[in-house]
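Asker: Each chain is listed here by its residues.
Number of protein chains: 2
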Amino acid sequence: MVNYPNGKFSNRSKVINYARRGMSLEEDLNLTNKYYLETDKAVIYKKPTPVTIVDVDYKSRSTAKIVEAYFQTPSTTDYNGIYKGLYLDFEAKETNSKTALVLAMIHPHQLEHMQRVVKHQGISFLIVRFSCYDETYLVFSTDLFEFISSTKRKSIPHSWFIEKGILIPYNFQIKVDYLSVIDSYILGGKI
Amino acid sequence: MVNYPNGKFSNRSKVINYARRGMSLEEDLNLTNKYYLETDKAVIYKKPTPVTIVDVDYKSRSTAKIVEAYFQTPSTTDYNGIYKGLYLDFEAKETNSKTALVLAMIHPHQLEHMQRVVKHQGISFLIVRFSCYDETYLVFSTDLFEFISSTKRKSIPHSWFIEKGILIPYNFQIKVDYLSVIDSYILGGKI
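Protein chains in written order, with this note's numbering: chain C, 60 to 250; chain F, 60 to 250.
Think of the hints as simulated: they come from the structure by calculation, not from any bench. Among the hints, erroneous ones may be present.
Identical chains blur together in the list; that is why a pair holds if it fits in one copy or across any two.
Pairs of lysine to any residue residues, derived as SDA-like cross-links and limited to a Cα-Cα distance of at most 20 Å, are as follows [to be verified]:
no., residue 1, residue 2
1, Lys118, Ile207
2, Lys100, Glu194
3, Lys157, Ile225
4, Lys100, Lys178
5, Lys100, Val240
6, Lys249, Ile165
7, Lys143, Val240
8, Lys106, Glu85
9, Lys93, Lys178
10, Lys100, Glu171
11, Lys152, Tyr138
Chain C with its partners taken away, still in its complex shape:
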């Protein structure tokens, strides 16, 4: 705890100590997917945010303006696409917690979707960033399902990610180079 000049206490300095590069996981993934697309490595997109459009104003001739819409609960994961002829499908989650990822962050519909993808021979995984450690993990869905079915815990501890996850390398051009992880699994004959 830091005693601030104005007399108020704050524990913000703890967070600052683990300051990230300033980019969110979503921004990093957008740049990564753009790089993959431009270098013709893979075709992977984030799906648009699902919204229910209730009212549109067509007054303006050039652009229709949506004036009433609501966010929907996603029924699938956020990202999918194709890589080396394989169907890739994943969800990305970022947490500020130092100890665990709250399972409620993944909707039941999304878990069902991930199970379906695995069943239909797609490559399904989760990308999880622990912002305070600046660590981004790739976790295959089958490992996630195993965790969920083996426990009643409502969160996945950070230690589990260290054990079961694969740390995704970072470089200037490819912010979250998750395809390098997929590649090592293809080479290892695991996919």
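On the provided structure of chain C, position chain F as indicated by the hints.
Answerer: The following block gives chain F in isolation, referenced to the frame of chain C:
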């Protein structure tokens, strides 16, 4: 032309002669994909309409209300997913024209995306409905690219669909059974 009691002329009867089942191609595809999902045949979704959200009203505690948003030009096709381990990707278009599909209905970005999918060994196609004939065709993207590169026409004539497209069967449970067409291509060793 029909001479109506009120003395006005109308050629609407022509349209009525070819009346459709009353469902749009999008509705039919939604039902079809739902059926495929529920019968565990494939996992294919329509992507949400891409919108740029400008302003959200958080006044209400339960639901955030989007009060200003705009439609974006799609950069990919509308549908994608997985079938028998294959990456499937397609766009659906419906036309009221009896003679042709206007090419401007497919955005240049979508054509680029389709070319990328083909290059990365995905199955890329177009589903086109001529509402007045109640005909729904599947056209593989490679055939579409061939057409575009061989002509300067701004539309694809209906006769071309008869020649190059595959008529998609309809039944009560599966409104647009496009996977049966994909199946015949897999069996024929063409995929």
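Asker: All hints are to be evaluated individually against the structure, with a verdict given for each.
Answerer: Cross-check of the supplied hints:
In the homo-oligomer, the alpha carbons of Lys118 and Ile207 never lie at most 20 Å apart, since the shortest distance is 51 Å inside one protomer and 36 Å across protomers. When the C-alpha separation of Lys100 and Glu194 is checked against a cutoff of 20 Å, the pair qualifies neither within a copy, at 24 Å, nor between copies, at 37 Å. In this assembly of identical chains, the alpha carbons of Lys157 and Ile225 lie at most 20 Å apart only when taken from the same copy (18 Å versus 55 Å across copies). Taking identical chains as interchangeable, the C-alpha atoms of Lys100 and Lys178 lie at most 20 Å apart only when they sit on different chains, with a minimum of 10 Å there against 25 Å within one chain.
For the homomeric pair Lys100 and Val240, the shortest alpha-carbon distance inside one copy (14 Å) is at most 20 Å, but the shortest distance between copies (29 Å) is not. When the C-alpha separation of Lys249 and Ile165 is checked against a cutoff of 20 Å, the pair qualifies neither within a copy, at 25 Å, nor between copies, at 39 Å. For the identical chains of this complex, Lys143 and Val240 are intra-copy neighbours only, at 14 Å inside a copy versus 24 Å across copies, given an alpha-carbon limit of 20 Å. Proximity of Lys106 and Glu85 under a CA criterion of 20 Å is satisfied in both settings, with 12 Å inside one chain copy and 18 Å between copies.
In this assembly of identical chains, Lys93 and Lys178 lie within 20 Å of each other by CA distance solely across copies; the values are 17 Å between and 28 Å within a copy. When the C-alpha separation of Lys100 and Glu171 is checked against a cutoff of 20 Å, the pair qualifies only between copies, where the shortest distance is 15 Å, while the shortest distance within a copy is 29 Å. With identical chains, the CA atoms of Lys152 and Tyr138 are at most 20 Å apart within one copy only, with a shortest distance of 12 Å there and 24 Å across copies.
Checked against the numbered hints above, the structure violates hints 1, 2 and 6; every other hint is satisfied.
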